[in-house]
Amino acid sequence: MSNINILAEKLPTHPVEARVRQYGVKRLPVTLIIGATITLLVVMMALLAPILATHDPLAQDLANQLSVPSLQHLLGTDYLGRDVWSRLLYGARTDLRIAFFAALFPALTGTLIGCLLGFTGGRLLWLLLRIADCLIAFPFYLVVLIVVFAFGSGEIGIYVAFATVGWIPYVRIMSTATQAAKNQEWALAAQAAGLSRWRVIRVHIMPNVIAQPIIMFVADMVYVIVAIITLGYLGLGIQPPTPDWGSMIADGQSFVTTLWWIPVIPGIAVLITGIGLSFLADGLTQLLRPDA
Amino acid sequence: MTFKKNRLNTIVSGLLLAQLSLFAGSSYVQAASEKSLIVGRYAPVESLDIANVFDVSVYTADQIFEPLYIVGKEGKPTPWLATSAVSDNDGLVWTFKLRPGVKFSDGKALRAEDVVFTLERHLKNAGGIPLLAPITSITAPDQNTVVIKLKEAYPALLSDISAVSNGIMPANFAGQTEENFFRNPVGTGPFELESWEPGGTVTLKKNPHYWQSEKPYYDELAFTVLPDENQRVQQLLAGQIDVIDNLPPVRFAELSKNPDISVSRSESWIIQILQFNTKDPHFSDVHVRRAVNLAIDRKALASATSFNTSDAATSLVPPTVDFFDAKISEHDIDAAKQELSRSAFPDGFSTTILLPGGDQVRSQQAQIIQNQLAKIGIKVAIISLDPAVVREKTHAGDYALRLQESISDVSDPNIFLTYHVSPEDGGSDSYWTFYNNPHLTSILRQARVEQDEKLRGALYREAQDIIATDVPIIPLVYQSRLVATRSNLTGVEAIPNGATRFYSAREK
Amino acid sequence: MTGTTNVIFRRLFESASRAILTIFGVIIATFFILHIVPGDPVLMILGEHASSQAVAALRETLGLDRSLWTQFIAFLSGIIQHADAGHSLVYRIPSSELVLSRLPVTGTLVLLSTLLTVAIVCVFAIIAAVNEEKTADHLIRTLSTLGASMPVFWVAIILILVFSINLRWFPVGGMGRHGFINSLILPAITAAIVTAPMLIRSLRTQLLEVLNADFVNMLRISGLSTPRIMVRHVLPNAAIPALILLGINISGMIGGSIILERVFALPGIGSLLFDAIAKRDFPLIQTIALFSAAGVVVVSFITDITVRLLDPRARMEK
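Chains as they are written, first to last, in the working numbering: chain A, 1 to 292; chain B, 293 to 800; chain C, 801 to 1118.
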């Protein structure tokens, strides 16, 4: 599912702090700066939506459907006469929030379980990995469709769908990374000194392997946003009337040759958010990667 | 390991060359020739057993099978495979005379025993659009006459017989097994089956023995499956298909301006409704239902969601159905608030509205209704689920409000009204509103057998009055039929019951 | 030599048994999951007007009223005997027949997409790696980030707008009289645009690593030309992680065909699946799920073997 190019990476040989100190702020990778800036911009617009919006995103004006951008409505109105600009801003809130949490749950659970089982190893890990094999054999959208048909479209469906398959890459990578890390000198030393298993994981191993899941999480958010949009296209997206980019694009599809800004502008918003997050993930990778 | 890059290059170049040669003879732009007509539909055909299917399947099977009387362009039952139908004075015995010279696509002549077989089968299976007339026997005194005997007078007989699912098939499936027959159906219709990709395109070819001489003009009629609305419209614009017979209203204006496309708008018997679950604690109270009815601005809703192509509904019965009488109360927010104050919930309440996902029109309607009801203090949460779940929940009574669309298949209101507001007679627990009004039920039962037109009309007017007062179902919009074709095409007929006729279609 | 052969066989056996285990797990999962999901296929087939007798009768005809265990046994025997989970509830013909009739379209689409992806990835990753940190590299990386952030149907709509509607080079969609391959080119390009970005990134990273390795410097010093070094020595070594990713992405394409086929109106397995899910056609959904899971497993198996073959350590052992 996510950024498995990390699979290609070798394990960092030094703790994270050493690496950051090595770079210093001035030598931070460009992609990181660009990515962080764009992402921050989008987040700010979402947070400031109540201030920046010119209308109530839910206010309908049936006499004024599908109007062209004007001074009163910066981006025109949609098929219910609602202000597109305001819906765009509030849509950012909806989509970013859902993307964040939908990507977070599997990231947290997958990482914790992966670390724990990677450390202890044994049959449980083997079983979990085999279950993961089965789940991943199902095409992702097949799983999403089934979950959404079962739980209904909208937020809950999306959370469950991602929780069902999202944890797998984290478990796989974390268990491998943990297994490798635990045999490193400093980890062996900690264990020999008699520290508890949990302490070793939390204090010594985690900081060194945490970089990868963080990067994967950021990349996953892009994936979730794209999936929300795609579900909207299939008619299984966020429940109306909540503003969200996916339903704006889906509802606006009929106008792509006439009132093109209605589907295209939310699409560009998705693109910008995706680029910001991707560059952020990229930058983090460069920052925390071993020398190449 | 040098093979990878070099061979790849060869393969890709090879493909590009192949594509160039294919595209040189690019024939995809011109689809309609004298020979074949392509219709883009939104769902696949599931079966051609006309007596047991609905929607897309039945509107494809109806090109193959024809009924005794057919729904005409204005909606009235018109002689078709039968030339006349006469009833005796009590209305208990109907005699149909068959049209001479009608042949099935296998060349055999139509005989009365085919009619007997078909109708008896339909009565027994009770599938599809059921034949609910109180028929006691169907006999064939001679090869060209069919006699139908009824238990009681049933003035709607001709109209019910004209329903699409009563298309006539050869007796005993012309010697085939039932299963095989519907894979290679034999009918009297203008077209017969040529090929069928399950879940995909159904291609029909001209019936050489068709009883209307010179028709159909096209040798081939194909129905393709294009669930994506954009694809359907784009393919029409590109000339890859020739007809869309269920154009989404939002594209109507755009296509009317296009010189390559002709659009037409006609009456239909499709009605969009908002139904109540009368078992719901809030909606069992008639004052609440009336309040909701008064709070909805139907005209604004209709013009907004149909983009000015459909009219607001004024009765549960569609306008061109017999005995239609406009009865609905007009939009009035103050009256709505008053009505609500007479109920047990004068300050409003929270409830939900159920609708199938993926349907933009219904989603629009739900949001408008949500907005309008908020003005009288009713907070509505929208629940859009996939159609299978919606159906299940509705049948189980697990909903409060539901947006739906219903269609009258015939011009007589008997079946339509009974189905929607009579619990047992309609077989659907009053369309799953669980509404039970014994007085209304008895009026409908009387009207069903009343032979005098005037008296019958009065009964149906009273019925519509009761429905407008009790409001178990709120009629919202009379959905027009919008058909778009390439502008060089003429003769495609859109019928109010949802059927489309292609036997007169030809190039200008 | 015997030692190496043993190792190879053991690894093959491991991969094979893992594949079989996965397929078995998938079979069980498909059966039970569908019976948990709400929605009644009988109601979908019979429509709104269905009377309760008709519903009960059809349920019996379709065998849906039997106990779960009985249905499961029937399901298993169908799979083992015909690779088929039963007759489609909607179309009443064997599900495997339906799936196989649609296989050419989806199969060709996946094949075409894969070839295009490989071509694009190789070309761009090499250009990017060779021009590290220069304009070409930044351009390629930015473009590939763009491709990764766009939903498939969005890319499709844009391509249709430009190439089908404006330029009229390709059909708008569907599979009609305009030729089999012709209808699949735009969809394949769409799939490639969405799949390539991650692979370009991965291959580029690996290429950079290998390019800076000692043995490559040795080759340079000994006078071999750069293109030759690139293709003969660098690419095979760097390709491994990208191949793993490609395998994963081919599986993704099988699932992504659901959306791609809908946008382009292609009569493939993806559109069949979407319709089947909407109508709760259990046997058909199960058969498709099985076919695609099997496809995924086969692809990973092949990827697994190819990687092990390409692994320079394995080659050196010979």
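Calculated from the structure, these hints are not laboratory results. The reader is advised that the hints may include incorrect statements.
To be verified - Cβ-to-Cβ under 10 angstroms is the rule here; a few derived chain B residues that face chain A:
hint	residue
1	439
2	531
3	543
4	649
5	651
As the list claims (entries may be wrong) - Derived Cβ-Cβ restraints for the label pairs, each shown as a range:
hint	chain 1	residue 1	chain 2	residue 2	range
6	C	915	A	191	47 to 53 angstroms
7	C	882	A	195	30 to 36 angstroms
8	A	257	B	505	42 to 48 angstroms
9	A	74	C	933	37 to 43 angstroms
Stated by the list, open to error - Computed list of chain B residues with no C-beta within reach of chain C, every gap over 12 angstroms:
hint	residue
10	347
11	419
12	441
13	600
14	638
15	730
16	734
17	761
Idealized CB from N, CA, C, for every residue including glycine.
To see whether the hints hold, each was checked on the structure:
| no. | hint | in the structure |
| --- | --- | --- |
| 1 | 439 | violated, 50 angstroms |
| 2 | 531 | violated, 16 angstroms |
| 3 | 543 | holds, 6 angstroms |
| 4 | 649 | holds, 5 angstroms |
| 5 | 651 | holds, 7 angstroms |
| 6 | 915/C / 191/A: 47 to 53 angstroms | holds, 50 angstroms |
| 7 | 882/C / 195/A: 30 to 36 angstroms | violated, 58 angstroms |
| 8 | 257/A / 505/B: 42 to 48 angstroms | holds, 43 angstroms |
| 9 | 74/A / 933/C: 37 to 43 angstroms | holds, 40 angstroms |
| 10 | 347 | violated, 7 angstroms |
| 11 | 419 | violated, 6 angstroms |
| 12 | 441 | holds, 24 angstroms |
| 13 | 600 | holds, 26 angstroms |
| 14 | 638 | holds, 35 angstroms |
| 15 | 730 | holds, 22 angstroms |
| 16 | 734 | holds, 22 angstroms |
| 17 | 761 | holds, 26 angstroms |
In the structure shown, a violation is registered for the earlier hints numbered 1, 2, 7, 10, 11, in ascending order.
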